[in-house]
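Working from the sequences, and respecting the hints, build out all of it.
Position 163 (the sequence shown) corresponds to 163 in my numbering; numbering is contiguous.
There may be inaccurate statements among the hints.
Said to hold, decoys possible - Pairs of lysine-lysine, DSSO-like flavour, derived with a Cα cap of 30 angstroms:
hint	residue 1	residue 2
1	K163	K147
2	K80	K163
3	K80	K55
4	K147	K55
If you're looking for bench data, these hints aren't it; they were derived computationally from the structure.
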Amino acid sequence: MPTTTTEQFDAEALYRELLQQVRAAMPGLPNLAIVGIHSGGAWLAERLAEDLGIKDRLGFIDVSFYRDDYAKKGLHPDVKPTQIGFSVDSATILLVDDVLYTGRTTRAAINVLFDYGRPARIALAALADRGGRELPVAADFIATTVKLGDNRSLSLARGADGKLTLTIEDDNA
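Structure (structure tokens):
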């Protein structure tokens with residue numbers, strides 16, 4: 001697992017690393033379904049489902065209403081619908097996010113999943129882990145670890161051609 005310290009990343013190479021890790025683990029993941037967290041995790045989940053051939057068990061969740069900081073931050077202006085068109089009960093859910101940071105988004109996503117049923121297992125995949133955990137959350141699959149200074153954040157973007165870019169930006173929040 002490489003540690004990256006530059007301002008820009010080869011997000012496509014990181015995606016291929018994540019795909020390789022998940023593909024290697026798939027034989028041990030029964031009743032697999034992929035659920036991406038809007039928006040960056042949803043983009044990654046779409047690609048994973050396509051590349052792994054399991055598009056019929058792909059879902060998306062928005063954690064906006066499940067965040068423990070909802071009252072403080074308010075509603076994000078671009079709330080997306082949660083779409084889970086398969087049974088979560090007894091499934092192995094590969095929960096996908098772009099950046100793992102405090103663990104609060106992951107906790108919120110797990111709460112959403114349990115509103116849909118009781119999975120047998122939830123595994124977490126993220127393109128980048130930036131540390132700074134506030135909750136005991138760890139990814140099962142991670143493409144890179146990034147150390148960031150204060151007031152910096154990682155931002156995943158998807159171009160019109162579907163290519164991903166990951167950059168370090170000033171965090172003005």
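Okay, which hints does this one fail, numbers in order?
4
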